[in-house]
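Given the structure of chain A, go ahead and fit chain B onto it with the hints provided.
Protein sequence lines, in the order shown, are assigned to chains A and B. The opening residue of the first sequence carries number 1 in the working numbering; numbering runs sequentially from there. The opening residue of the second sequence carries number 1001 in the working numbering; numbering runs sequentially from there.
These aren't lab readings, by the way, just hints derived from the structure by calculation. The C-beta atom is built at its ideal place from N, Cα and C for all residues, glycine as well. Do not rely on the hints blindly, as some may be mistaken.
Claimed, not checked - Derived lysine-lysine pairs resembling DSS-like cross-links, with alpha carbons at most 30 Å apart:
1. B/LYS1125 / A/LYS96
2. B/LYS1125 / A/LYS76
3. B/LYS1062 / A/LYS86
4. B/LYS1221 / A/LYS86
5. A/LYS135 / B/LYS1152
6. B/LYS1141 / A/LYS86
7. A/LYS86 / A/LYS17
8. B/LYS1221 / B/LYS1062
9. B/LYS1079 / B/LYS1065
Unchecked claim - Covered stretches of chain A (chain B as the covering partner; in silico rule of three or more C-beta atoms under 8 Å from a C-beta of chain B):
10. 25 to 35
11. 115 to 128
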Amino acid sequence: MPTSVIKPVMSAEEAVKRITAGSSIMVGGFNYGGIPYTLVEALVVSGTKDLWLISNDTAYDDVGHGRLVVNGQIRKVTASHVGLNKSTQRLFNEKKMELELVPQGTFVERIRAGGFGLGGVLTPTGVGTVHEEGKQVIEVEGKRYILELPLRADVALIRAYRADRYGNLVYFGTNRNFNPAMATAADLVIAEVDAILEIGQINPNDVVTPGILVDILVLKGDSYYASRT
Amino acid sequence: MLPVLDEEIARHRIARRVAMEFQDGDVVNLGIGIPTLVSDYIPGDIRVIFQTENGVVGAGPKPDKEDLRFIGAGGRCLKPILGGALVASDMSFGLIRGGHLDATVLGALEVDQEGNIANWWIPGKMVPGMGGAMDLVTGAKHVIVATTHCTKKGDPKILPRCTLPLTGVGVVSLVVTEYCVLRMVSGELVLEEIAPGVDLEDFKKVTPADYRVSRDLCNMKGCDQE
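Bound conformation, chain B alone:
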């Protein structure tokens, strides 16, 4: 049996680990949900520029006094950082598609061993639209998937092949869940880190995708800070 984690602990574990991926000066777009939490865990010795689809380069935290003229893509108020920039949508997506983003962090319904991601539509349910997700996974240098390992129903999300309509093909570079870090290396998923208390055989049962266990497999970084 895999350790059962409190949902909040799981979400923050994922966010804390993702935040370790960045380098000083990286430009990063954070999606809604777990990815939003990542900004709370940026190490103090580096500066990361957060970009939002609706036109902020250098998004800062929620201001003390609400001003609806400055919002993020999810509609929450924010303050642009000093030295930030406000741009229109064509520039915003030019930055995204044009390779000017070091990373995008998004949630996923499914990812697979080919680096495909599905995160915008479950046929038969409502059709929300892809928003900026297809552009983000196409243009960002690193596509980091931050997701719980399984769905709320307990179904695996990391599959041999996505079954849902894709957002992007062969674009994923890293998958971080509450149980592991899986990195795409030369077209193959490599298990680099595993959370404490997770048995590899149990892990395999909830991870139907093909993956290679790294010779340098180690404990998932950041778990010791919980």
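Just chain A, same shape as in the assembly:
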């Protein structure tokens, strides 16, 4: 799509049409906080399949992007914790879905590397554990680090508090979590927000995600969690 300084505002249904079968998607959120519920719900309705879901967790069976898993739309999950969604466990055990588990700090650093132009990161996390298996270990000044490779996605679905028409974003409470990092690491970034303000109504001092990273704005809907988070 053509980039524009003034970001297009569209319905969630329209926005998620940019996600096609086989796409990789990042979805913000930690537990039930900071999930772009309205976008995820539209993606569930769309039924788009064969997706690679990159998200900290898979929420719950009936909450947020947990429903994408239950609905059989996910080919592979990359996450740090999936213990709260029984369907993720079941589909993985039945070999119907791939599962890549990553320590949470490593997960966000891999996304940051993907969005910040780095070839990877060196982390001590997981050294000497099964997580090290199959990965390159590099010694720096006598200390061992695992080389972790960048993560990027075709589309990031993120959740913020308020946007202005340029797409500048501010966050609220514990809804921030992985959303700012994901906004840097996808070819297309769709942000779900509580409100879209005129230029100048967000002070540049307060902006966390600059609008140049954001492609599409969607207003949040009124489902249970969308309206309460």
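Just chain B, lined up with the frame of chain A:
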């Protein structure tokens, strides 16, 4: 025979003892389960800053009115303290991995005499994922294990060598159970405190790890407050 304790008494005994480890100004991350109880026992004369993986520096108690926009890592609502900060996940784990946490308190499936900890996966059972545990045990200055002494089935948890997949290697600094306080000192587990009524021979039978009994062995602190 070791004294059989009511589960609630055991959990609170462990939490009360762990809380005595902190100093004014410490930054601490509490895991789920027994570690969560630790915040109830912080002495009134010190201030501890609680950090949560999902981005709170200065987590306070559950608010009177639920607001789902402020939650802890386990999903429970909380209120950031006045003077607290809300951060994104990269900062949160930068704090964790970067040595900015004085302590992390977590549960364990197994710990061993080498200071290894296993607490995220039992092969053959479901695979929940390690979440933030591997980063926490790697980055925090003190890794405090708060756990019941044995599993629900009665199997020992403090072993010569962990059998389950590890969370971290040689990272544990303190183990607190309902029966004891074991501290890692120069690469060796030292029994510093023992709960009242626990016979050392009986204790040994449920503690297969090698440990040294401190010359200053004393009653487990806080038990007199039960």
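Evaluated hints:
no.	hint	verdict
1	B/LYS1125 / A/LYS96	holds, 17 Å
2	B/LYS1125 / A/LYS76	holds, 20 Å
3	B/LYS1062 / A/LYS86	holds, 27 Å
4	B/LYS1221 / A/LYS86	violated, 41 Å
5	A/LYS135 / B/LYS1152	violated, 36 Å
6	B/LYS1141 / A/LYS86	violated, 34 Å
7	A/LYS86 / A/LYS17	holds, 28 Å
8	B/LYS1221 / B/LYS1062	holds, 28 Å
9	B/LYS1079 / B/LYS1065	holds, 10 Å
10	25 to 35	holds (count 4)
11	115 to 128	holds (count 6)
In summary, the numbered hints that this structure violates are 4, 5 and 6.
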